[in-house]
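Participant: For the record, the sequence lines run as chains F, R, B, A and X.
Take 824 as the starting number for the first sequence in our numbering and just add one per residue.
Take 100 as the starting number for the second sequence in our numbering and just add one per residue.
Take 175 as the starting number for the third sequence in our numbering and just add one per residue.
Take 16 as the starting number for the fourth sequence in our numbering and just add one per residue.
Take 62 as the starting number for the fifth sequence in our numbering and just add one per residue.
Note that these hints are calculated values from the structure, not bench results.
Keep in mind that the hints are not guaranteed to be accurate.
Claimed, not checked - Once the Cα atoms are required to be at most 25 angstroms apart in a straight line, the calculated PhoX-like pairs of lysine-lysine come out as:
id : chain 1 : residue 1 : chain 2 : residue 2
1  : F       : Lys1111   : B       : Lys385
2  : A       : Lys93     : X       : Lys155
3  : X       : Lys260    : X       : Lys229
4  : A       : Lys93     : X       : Lys172
5  : B       : Lys385    : R       : Lys242
6  : B       : Lys346    : R       : Lys350
7  : X       : Lys394    : X       : Lys382
Claimed, not checked - Examples of chain X residues toward chain A, derived with CB under 10 angstroms:
id : residue
8  : Glu78
9  : Lys91
10 : Cys122
11 : Ser131
12 : Gly286
13 : Gln289
14 : Ser397
Said to hold, decoys possible - The following residues of chain X were derived to be distant from chain F, with all beta-carbon distances above 10 angstroms:
id : residue
15 : Ser80
16 : Lys198
17 : Thr228
18 : Leu238
19 : Ala258
20 : Asp273
21 : Lys280
22 : Pro300
23 : Lys382
24 : Gln411
25 : Pro422
Using N, Cα and C, we set each Cβ at its ideal position, and we do this for glycine too.
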Amino acid sequence: MSFLSIGYILQQVANGFILGSIYSLVAIGFSMIFSIIGLINFSHGDILMLGAFSALAFITALHGPIWVVFGMVGVVGFLIGIAIERVAFRPIRSAPQVTGFITSLAISSLIENFGILVLTAQPRSFNIPDYLNGLLNVGAVSFRVIDAIIVALSTTIVISLYMYTKYTRMGMAMRATAQNIDASRLMGINVNRVIMIAFAIGSSLAAIAGLMWGAKFGQISPLMGFLPGLKAFVAAVIGGIRDIRGAVLGGYVLGFSEVLFVGLLPPDMSGYRDAFVFTLLIVILLIKPEGMLGREEEVIK
Amino acid sequence: MLKVDGLKKWFGGLLAVNDYSVRLEEGEIVGLIGPNGAGKTTVFNLITGVLKPSAGSIKFEDREITGLKPDKIASIGIIRTFQNVRLFGGLTVEENLRIAHYTRHNYRLYDVFLSSKRFRKEEEKLFSDVSEYLNLVGIYSFKGYRAEDLPYGIQKRVEIARALISKPRLLLMDEPAAGLNPNETEEIMELVVRVREMFNLTIFLIEHDMKMVMGICSRVQVLNRGELIAEGTPEEVQNDPQVIEAYLGRKRVA
Amino acid sequence: MLELKGVDVYYGKLYILKGINVSVKKGEIVTIIGANGAGKTTTLRTISGLVHPRGGSIYYNGKEITRESSNNIVKMGISHCPEGRQLFPYMTVRENLLLGAYLRNDTNAIKEDMEWVYSIFPILAERQKQIAGTLSGGEQEMLAIGRALMSRPKLLMLDEPSLGLAPIVVDKIFDVIKELNGKGVTILLVEQNANMALEIAHRGYVMETGKISLQGSARELFEDEAVKRAYLGG
Amino acid sequence: MIAGIYTLVILGGISYTMERTLNDYHLTVVEFLGIYVILAVSLALTNSFTGLFSLGHPAFMAIGAYISAILTFPPIRKAIMMPALPHFLANMQLPFCLAVIIGGVIAALSAFIIGFPVLRLRGHYLAVATIGFMIIVQVLITNMNSLTRGPLGINGIYPYTDIWWVYIWVVVTVYTVWRVLNSRFGRAMLAIREDEIAAESLGISLTYFKLFPLVLGAFFAGVAGGLWAHLVTAITPSSFSLPLAFLLVVMLVIGGKSITGAIIGALLIGIVSELLRPLEMATQMYGLTQIVTAIGLLAILIKKPGGIAGSKEINLVSLYKSLKVLR
Amino acid sequence: YAGGVIKIGALYNLTGEMSSIDAPALNGVKLAAKEVNEKGGVLGKKIRIIAIDTKTNQKECATAARQLLSEGVVAGIGYGDTTYVLAAAPLFQKKHVPFITSGATLPELPKMIGNYMFLVPFGDNVQAYAMADFLYKDLHVRRVIIWTNKATDYTLALSKYFKERFTKLTGKKSILLEDFFQTGDKDYSAQIARVKALKPQPDALFISSIPDDIGIIVKQVREAGIKQPIAGGDGYDTPLLVKVPGPKLANDIYYTTHQAWDNPDPVVQNFIKNYKRMFGHEPENAFAALGYDALMLVVRAIKRAGSDNPAAIRDALAKEKGYHGVAGTISYKNGSRVPQKAVAIMKVEQGKIKFVKMVMPNM
Ligand SMILES: Nc1ncnc2c1ncn2[C@@H]1O[C@H](COP(=O)(O)OP(=O)(O)OP(=O)(O)O)[C@@H](O)[C@H]1O
Ligand SMILES: Nc1ncnc2c1ncn2[C@@H]1O[C@H](COP(=O)(O)OP(=O)(O)OP(=O)(O)O)[C@@H](O)[C@H]1O
Ligand SMILES: [Mg+2]
Ligand SMILES: [Mg+2]
């Protein structure tokens, strides 16, 4: 095919990378919450939506520099995370995992339908200052300033978060809580606080990803959260949920495969894209049943 | 009845079991002892198919069972108990035993739907068996409790009852007396001896309680760092200097 | 140092601990013995705040801790080596030990203590980098004990520390308990190996179906006919 | 046995009365409730009893729905609407009952094929794989225009589904699952749910007893899909998608881990949205139903994390005894 | 109102994915009902709208339709998408109650469902033909590429008719490339790259999209430096078309729709004014106008029939000869229940939407 030039492929790789960066940011937040209390949090995507709308509000009201908006949205997500954990998830913490999952569905439905009631279902445009839309060219590859910011910011966040969980006391406490709550208590870890912080950080990342989403695609709506939420779940699982690096990897795999399947399949096959993407993901799982970075270390005694 | 030859198991760089062999004759109670981390549980895991051996062969009644899946091996008649007790925690004691009755049923799916005679007969037998085994192990009064709510000691007994009700030919017991006080240990010893006679069982036993090992085993093997360092009657093993050094400690000899 | 007054504990609707009174004085080794299901484990879990009593109260150094959360209780110097090991299965041996010292900041002293634990259980030193979930049963028990030691407790509660250990290691553990006690650590010990427990303890309690049925000095209990018959073996 | 017959008769009587007295709308609501019961009870096989977290039920429904719809469709209309149908299908028109069963069987067959590789996965890994399966089925239906008419879907399906078909299938489903559960097969499933390793060590084959509930559940999902198609009369690829899977899981969780629980959950979820509708119509606040339902759901979960029925079953015999119907 | 009420059912997906299309339509219906009632109702009776949210779910459509029918509505109005009409309308047909879809544009609908089914908008064939004619004759376009959302029936049908007409005008080779995407897609870089790689370049891009996606598509196409005209159907009738890409990028876009909002016609301007008064904002999209027209059509039919008997209403509806509505003038001719009405062609220039002309393609 004529369009399969090197430049074309490089461009697709770049696009996959940008998309993957957003996905992995959503997924890492998802995976943080998941790994600690085993909660599949389907309201994660709706927090992304709330982040996007609050970003829109800040941008319209403030006209401030974009990094201030990023900061404020992060704080909003942080607080939402704390609130949701307190009200909905703490009371059912000792219940079976699937109860938490259902709770998150209920929260998600609450947020979405409140969103429709208050904001109406109409999508809104999300316009960012012009300089962020400027086109950059590197060789054959072109992208926009906001894309560069997205990639840089998510990479930074992902790396610092990894460092945080790996090397700080709080990070250690998080990993401990993830593995054995009672034992963590006995070590003197304030489990409630740890879970709350994990929720807050995870939600804050979702909110920031919401801002990125809006800035990249230019449009947001009260129902926008479903798909990213689902993708975060898929990415986190594919990567291997015990390790937040897995979520990052899963996010990129998902981003790349979505872009590349459209990019490389002949146009009339592109309707099958999602089937290909999910077939690939299932195959990955069959080869590595615990996800790409997961490992099965249960010894039978 | 059981023939194990040249068994090896690597965990990464660690050779957990090295060139291990054993012969069990019908009706015997044989002990397997050794320091913590010697590889005893690993041997059980290899025999029951939970782990795949790195080398070696396992034969049960002249049938090669190396590499078979655990459920196949179990249905041939090799049943085990676990060191860390693996009950069906959310279910009652009674249900735990009913499940284990599994291999003894022959009815088919259509028997179930038609509630055929065969089905009813086998299920009736099941109910009487469950009571019988609960009584045998002395836990009848706990039958309605959820297994995971029970104290550790009772859980150990439930596990034994569960293993017995599936009518094993060879029973592998991993530390049945752990967590029991001396009196309870004695009860378990009696129980083991009794069921061996009742069902003509062969028993392979891992245990750190020397009173139990010395009391009921006809032969004892000693494993250290994956290798057999001694084998013989309880008395022989007990006085083996290597065993004392590595396992029993000098205090106990006195 | 520690005092339980009329403590009632329920699991759901089940009445488990029925108004028990237990006290531990500073510098003592106190042991609780009793049959399976008597409520020994529950007693320890209640003290360390994993379960909260419905009635009665618990005092530690004169301060009421009945409703206190576990992490605060641990901060006060109580360390609990729980039944069933409760390790962090995906962490290495070393990391598990470090978590035992979670509340401490004295890096050098932590290192020293870790060396000390390794000297008690040399096999753990060998297995430093192994994931705790893959340790053998006995190795896990050693790690759980080691982890409890790492917090430098004032009161150490051990729930069946000898479970699954080779005889030579059991002896070692009882030696260590005595040694620690010699250094001023108060000890509350739950053991099935009642003979050995009473041998090193100062005082003991006998528990039966959620009640304290007997208490006294270790010697008294050791010589009590009923205790002998029920718990010490023939 | 006698209790069972009593129940059949009572339920039959209720159905008869309803058929006679209810209007079209209420009858439809009842029929959907029945379909929900079939779905929830059959999904309970995997999700509640075997501990396999499957979200793939809508995929099996879709398969059953499409197959049975194509099979009952009159050849004349097929010639216009689906001209590219293979010859044997184009000329075939089967009775409703048979079509639904074939739909169920093919759904079960697909469960068998997908189950073999995928059931090695556990927990959330399985959930993702089943979501993937559902999306793949959806994509195939969307893109196989000649068979399925793509996103437009199939419409004008004859509304064969009536309260009696629903009644029969509810009874068959509940009976089957109940029998299975109280046999060695069901006990093997419970064992796998509680501890795979221990189950295996007692001689229970994981492969077989994971496949079995999936395939059996898929059969009933396929049947429910067929009933659904012939009740709604129009189906599209998006009729059977993730939100429906979530809805079914919600039923199971608020009901509890038992057949009784699954039935309670299905009825509750099915009835609540209908009951709340007048409120929504009166306030004109659309979305209120979902909000109220969500809050109610949260309340139930916090109060009863194990579900309304927990893992308890209604014992029919003792129920009748306590009502003094039976002596 | 001495004469009581006339119940008219409204089925819309007010929550879920379709809500951005359906919610404005219901608003239009409500506005029309309010206006009618303020003027004394019809036949001395008040119109009561019974609206049900069917949650973007066909099962809900089927139950809600039955609920409406059991409440005795004399007509049903609803939906901006064929899929949901197909679940609800047959039930109305069976009970011989007319169903008027305010927004679904599949021209075969009445044939598929029966003589009680009516469309308010023109069929997709009409608008697609109109656009093909316009591109060919007015813009002198000879080579196009077509992008189609493969996940909805509306977009598939639109592309199908466009292709049919355009190849008839210019020959098969005039379609340089057909490419596809799906509802909710966010990244069009692959499709864009394929357009850019074409030699020769197309004269225009025909992109068949629903309202929720079109803004994002235009934004990315223009950002990538593709300058050719973009053309499409009434799915473009949403503020997002301009707002998402911004006025600079929203340029050189042509689309067909039902009505031009800047049409000085008092019917249109009053509608906008009253809508704003009632709901606090301007109509979100053309579906609002279509919903308004749908109810007005029913009311006119009731008046003409002099009865609120559903069968009588149907007969009167079928005889509609020139209702001058917000979204054009509607008449059902020759027994067809798809209106013969002119298509408005709009142009977007630097973010400004301009009316180009009305077209009535010969079919
Ligand atoms: N998956 C694994 N990876 C690495 N090492 C392992 C693994 N499983 C077991 N081991 C190691 O193999 C050795 C043998 O373990 P095993 O459980 O067989 O010991 P054991 O003799 O049963 O000891 P105990 O008496 O303490 O139960 C141990 O040192 C253990 O740490
Ligand atoms: N989570 C629980 N839910 C309900 N009952 C429980 C639970 N945990 C323990 N029990 C019950 O509480 C009682 C006391 O148990 P506990 O574990 O404290 O006994 P124990 O003395 O430590 O026994 P063992 O020596 O076997 O460890 C037992 O009857 C047990 O069945
Ligand atoms: Mg062992
Ligand atoms: Mg205990």
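Participant: All hints, please: hold or fail.
Facilitator: Hints, verified against the model:
no. : hint                    : result
1   : F:Lys1111 with B:Lys385 : 52 angstroms, violated
2   : A:Lys93 with X:Lys155   : 21 angstroms, holds
3   : X:Lys260 with X:Lys229  : 23 angstroms, holds
4   : A:Lys93 with X:Lys172   : 15 angstroms, holds
5   : B:Lys385 with R:Lys242  : 23 angstroms, holds
6   : B:Lys346 with R:Lys350  : 10 angstroms, holds
7   : X:Lys394 with X:Lys382  : 7 angstroms, holds
8   : Glu78                   : 9 angstroms, holds
9   : Lys91                   : 9 angstroms, holds
10  : Cys122                  : 8 angstroms, holds
11  : Ser131                  : 4 angstroms, holds
12  : Gly286                  : 32 angstroms, violated
13  : Gln289                  : 28 angstroms, violated
14  : Ser397                  : 19 angstroms, violated
15  : Ser80                   : 4 angstroms, violated
16  : Lys198                  : 28 angstroms, holds
17  : Thr228                  : 17 angstroms, holds
18  : Leu238                  : 7 angstroms, violated
19  : Ala258                  : 3 angstroms, violated
20  : Asp273                  : 6 angstroms, violated
21  : Lys280                  : 5 angstroms, violated
22  : Pro300                  : 8 angstroms, violated
23  : Lys382                  : 35 angstroms, holds
24  : Gln411                  : 15 angstroms, holds
25  : Pro422                  : 28 angstroms, holds
Against the hints set out earlier in the document, violations occur for numbers 1, 12, 13, 14, 15, 18, 19, 20, 21, 22.
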